[in-house]
Amino acid sequence: MKVSDAISGAVFVLLAAAVYWFTKDFRQMPGQNYGAAFFPRTIATCMAGLGLLLVVRGLRAGGPWAASFDWMASPRHIGNFAIVIAVLVAYILFSGTIGFPLAGFAGLLVLILWLRGPAHWLQAIVVSAVCVAGMMYFFGEVLRVPLPWGLLQGVAW
Amino acid sequence: MDTFLIALPLVFDPYVLTVIVLSGMFGLFMGAIPGLSATMATALLVPVTFFMAPVPALAAIVTATAMAIFAGDIPGALLRIPGTPASAAYTDEAFALTRKGKAELALGTSLAAAVIGGLFGSLVLVFAAPMLAQVAKNFSSYEYFWLACLGLTCAAFISSGDPAKGGISLLLGLLIATIGLDPMSGQARFTFGSIELMGGVSFIPAMIGMFALAEVLRSVTAVNPPPEVPQAAIGNIFRGLGGVLSKYRKNLFRGSVIGAAVGALPGAGSDIAAWISYAVSKKFSKEPEKFGTGHVEGLVDAGSSNNAALGGTWVPALVFGIPGDSITAIVIGVLYLKGMNPGPTVFLQQPQLIYAIFITFFLANLLLLPLGFASIKASKQLLRIHRMVLMPVILIFCMVGTFAINNTVFGIGIMLVLGLIAYLMEENGFPIAPAILGLVLGPLLEDAFMTSMIKGDGNLLTFFERPIAAVLGVVCVLIWLSPLLRRRRGRVAAE
Chain X
1 MKVSDAISGA VFVLLAAAVY WFTKDFRQMP GQNYGAAFFP RTIATCMAGL GLLLVVRGLR
61 AGGPWAASFD WMASPRHIGN FAIVIAVLVA YILFSGTIGF PLAGFAGLLV LILWLRGPAH
121 WLQAIVVSAV CVAGMMYFFG EVLRVPLPWG LLQGVAW
Chain Y
1 MDTFLIALPL VFDPYVLTVI VLSGMFGLFM GAIPGLSATM ATALLVPVTF FMAPVPALAA
61 IVTATAMAIF AGDIPGALLR IPGTPASAAY TDEAFALTRK GKAELALGTS LAAAVIGGLF
121 GSLVLVFAAP MLAQVAKNFS SYEYFWLACL GLTCAAFISS GDPAKGGISL LLGLLIATIG
181 LDPMSGQARF TFGSIELMGG VSFIPAMIGM FALAEVLRSV TAVNPPPEVP QAAIGNIFRG
241 LGGVLSKYRK NLFRGSVIGA AVGALPGAGS DIAAWISYAV SKKFSKEPEK FGTGHVEGLV
301 DAGSSNNAAL GGTWVPALVF GIPGDSITAI VIGVLYLKGM NPGPTVFLQQ PQLIYAIFIT
361 FFLANLLLLP LGFASIKASK QLLRIHRMVL MPVILIFCMV GTFAINNTVF GIGIMLVLGL
421 IAYLMEENGF PIAPAILGLV LGPLLEDAFM TSMIKGDGNL LTFFERPIAA VLGVVCVLIW
481 LSPLLRRRRG RVAAE
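From first to last, the protein sequence lines stand for chains X and Y. Residue numbering for the first sequence follows the working numbering, beginning at 1 and increasing consecutively. Residue numbering for the second sequence follows the working numbering, beginning at 1 and increasing consecutively.
Chain X on its own, in the form it takes in the complex (with noise of 0.2 Å):
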């Protein structure tokens, strides 16, 4: 979402203002006039000034309060952000316990026949597949990274 510079500003000032609420009862430093709350409340004092100019700007400029990205138009560019995101918070979830290997190849399965089409089936399982192959070897083998076999544990190399 495209916002004039009067929403993000606000977003901004709103942000510091939430800064000031959350460091309400950080502790003082003995003896001290100042804390841990002092260095982020700067910098939230100093946010709240930039948000304020942003918003006297944009309000100034005028022109619509917000506007959509040009992809948002076509379904399909919807879909191939929405699908990213998707697999991203599928692997989160889920590789822990079905492993990075069929998680994994699960994601970058969907996401190549998805955003390259499904006429290219082959070349998505042969890319996925080495890639997930490489990625295992690379990282698990060679840089000793635990990364989880989760089901295939019982084949783990």
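Simulated from the structure, these hints should not be mistaken for lab results. A portion of the hints provided could be inaccurate.
[To be verified] In silico DMTMM-like cross-links for lysine to aspartate or glutamate, where the CA-CA straight-line distance does not exceed 25 Å: (1) Lys282(Y) - Glu104(Y); (2) Lys24(X) - Asp457(Y); (3) Lys282(Y) - Asp92(Y); (4) Lys100(Y) - Glu228(Y); (5) Lys247(Y) - Asp92(Y); (6) Lys338(Y) - Glu141(X); (7) Lys137(Y) - Asp2(Y); (8) Lys380(Y) - Asp92(Y); (9) Lys2(X) - Asp2(Y); (10) Lys137(Y) - Glu465(Y); (11) Lys24(X) - Glu196(Y); (12) Lys247(Y) - Glu196(Y); (13) Lys286(Y) - Asp92(Y); (14) Lys290(Y) - Glu104(Y); (15) Lys2(X) - Asp162(Y); (16) Lys24(X) - Asp447(Y); (17) Lys283(Y) - Asp92(Y); (18) Lys100(Y) - Glu287(Y); (19) Lys250(Y) - Glu287(Y); (20) Lys286(Y) - Asp447(Y); (21) Lys2(X) - Glu426(Y).
Fit chain Y to the known structure of chain X by using the hints.
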């Protein structure tokens, strides 16, 4: 000289040399594909370098970035799309040469200028960094505070045409850096009960999200169809090159000097160096009317400038821990991870590592000649790789790379959230580089600020008591006030 001899075997080790060649190929690939920048190449390399010793880790980044900056010229010349922002200044010129049937001359000139500029930038780094480190030895928390402010301010002001939005981006980065336990008081800040956030927002997932995931999202939502890859084979890129280099040798030197100098300024990197050099080239040219019509002169200036800037950006990064651009912001994060805390002390405590970096710079720029030549020859195949296959692969790589840092999917969550924020911000005109600089420099800035406040017993004037600190502070405050002063002057002039 002794240190140099100790550093030589650190670089000329089979493992390190293999890393250099592989990361060089990776950098060329990333630079040559439009939409994948040198910064993204660095961001994707970091999780891999995380597992390496300091010398191969830094050698990989130096080589990949040097290659990527040059490789950005390839799609610029062949498709009129800059592979990286550093090539944007002269893309039209290079493409005009291609349309005249001189693609070989455009690519050959770019390659030669990149190698020469890169070597010049390396020389500047070798001489300037140790000298500045001598000066910086006497710096206290006050000077560091102002230096960090200056670096961040320049980043916010230079990286975007809109200082207010650059400033907000920077402040957001600084704010994210405060998440976690406050080192001074032990207070948990903005963790909302999450144990994982206690340790703060890890820099690597944040950076991968902001630079790589945001770019993947932009790429999959791009409405323009991918451009047609030219069918003609690339011929001999060295034909006529000797004449061009000899005719424009002054331009080569001028571009390199401007590049190294601009790169060394905090907040300005290769892309800005290329724009300035191209403009200077046109201004002082004997044939300015030919610019834009496929004239090689601007290519010599700007092509050498963006690669020279790379060496320049490492000067403030190594000496003060102040990034010259977004790539060195990532480098500073890596230096901290490797226990090579940037600053003058690293020149005293680990000089062999610093010299190893210097040697790598020369090696990477020399290696650019054969590898760059090979990538030009393979450009048709490289440009044919489908974006919609490449992006999913990059996404999975980002996920595994992020996981690898802390072995938890929490990092992937950080990457997702910050990637979305970065995407929304960039689409609304907020630059992202200042946020990354803020994230990297935030802890240093807060530490220097709080230490200085405690030393000065809360008296803000102590920030201006030492001479160098006073100069830096005044410069900083003047830059902050400059938009107001300009507006006031504009009003007076209007009246």
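Against the structure, the hints:
1. As the CA atoms of Lys282(Y) and Glu104(Y) are separated by approximately 22 Å, the hinted pair is consistent with the 25 Å bound.
2. Of the pairs offered as hints, the one joining Lys24(X) and Asp457(Y) holds, with about 23 Å between alpha carbons and a cut-off of 25 Å not exceeded.
3. Note on Lys282(Y) and Asp92(Y): the hinted pairing holds, with a Cα-Cα distance of about 14 Å set against a maximum of 25 Å.
4. For the suggested pair Lys100(Y) and Glu228(Y), the alpha carbons sit about 18 Å apart, so the restraint of at most 25 Å is met.
5. The hinted pair formed by Lys247(Y) and Asp92(Y) meets the criterion: a straight-line CA distance of about 22 Å does not exceed 25 Å.
6. A distance of roughly 22 Å separates the Cα atoms of Lys338(Y) and Glu141(X); the hinted pair therefore holds under the 25 Å criterion.
7. Distance restraint check for Lys137(Y) and Asp2(Y): the Cα-Cα separation of roughly 22 Å lies within the 25 Å cut-off, and the hinted pair is therefore satisfied.
8. The hinted pair formed by Lys380(Y) and Asp92(Y) meets the criterion: a straight-line CA distance of about 19 Å does not exceed 25 Å.
9. Simply put, Lys2(X) and Asp2(Y) have alpha-carbon atoms about 58 Å apart, too far for the 25 Å limit, and the pair is violated.
10. Using a Cα cut-off of 25 Å, the hinted pair Lys137(Y) and Glu465(Y) holds, with the two alpha carbons roughly 18 Å apart.
11. Between Lys24(X) and Glu196(Y) the alpha-carbon distance is near 23 Å, which keeps this suggested pair within the 25 Å criterion.
12. For a cut-off of 25 Å, the pair hint linking Lys247(Y) to Glu196(Y) is broken: about 60 Å separates their Cα positions.
13. Restraint check for Lys286(Y) and Asp92(Y): the C-alpha separation of about 20 Å stays at or below 25 Å, so the hint holds.
14. Taken as a hint, the Lys290(Y) and Glu104(Y) pair is honoured in the structure, with Cα atoms around 19 Å apart against an allowance of 25 Å.
15. In summary, the hint linking Lys2(X) to Asp162(Y) is supported, as the alpha carbons are separated by about 17 Å, within the 25 Å threshold.
16. Pair hint Lys24(X) plus Asp447(Y) holds up; C-alpha atoms about 21 Å apart against a cutoff of 25 Å.
17. Distance restraint check for Lys283(Y) and Asp92(Y): the Cα-Cα separation of roughly 17 Å lies within the 25 Å cut-off, and the hinted pair is therefore satisfied.
18. The straight-line distance between the Cα atoms of Lys100(Y) and Glu287(Y) is roughly 18 Å, inside the 25 Å bound, and the hint therefore holds.
19. As the CA atoms of Lys250(Y) and Glu287(Y) are separated by approximately 15 Å, the hinted pair is consistent with the 25 Å bound.
20. Taking the CA atoms of Lys286(Y) and Asp447(Y), the gap is near 52 Å; set against the 25 Å cutoff, the hint is violated.
21. The hinted pair formed by Lys2(X) and Glu426(Y) meets the criterion: a straight-line CA distance of about 10 Å does not exceed 25 Å.
Violated hints for the displayed structure, listed by number in ascending order: 9, 12 and 20.
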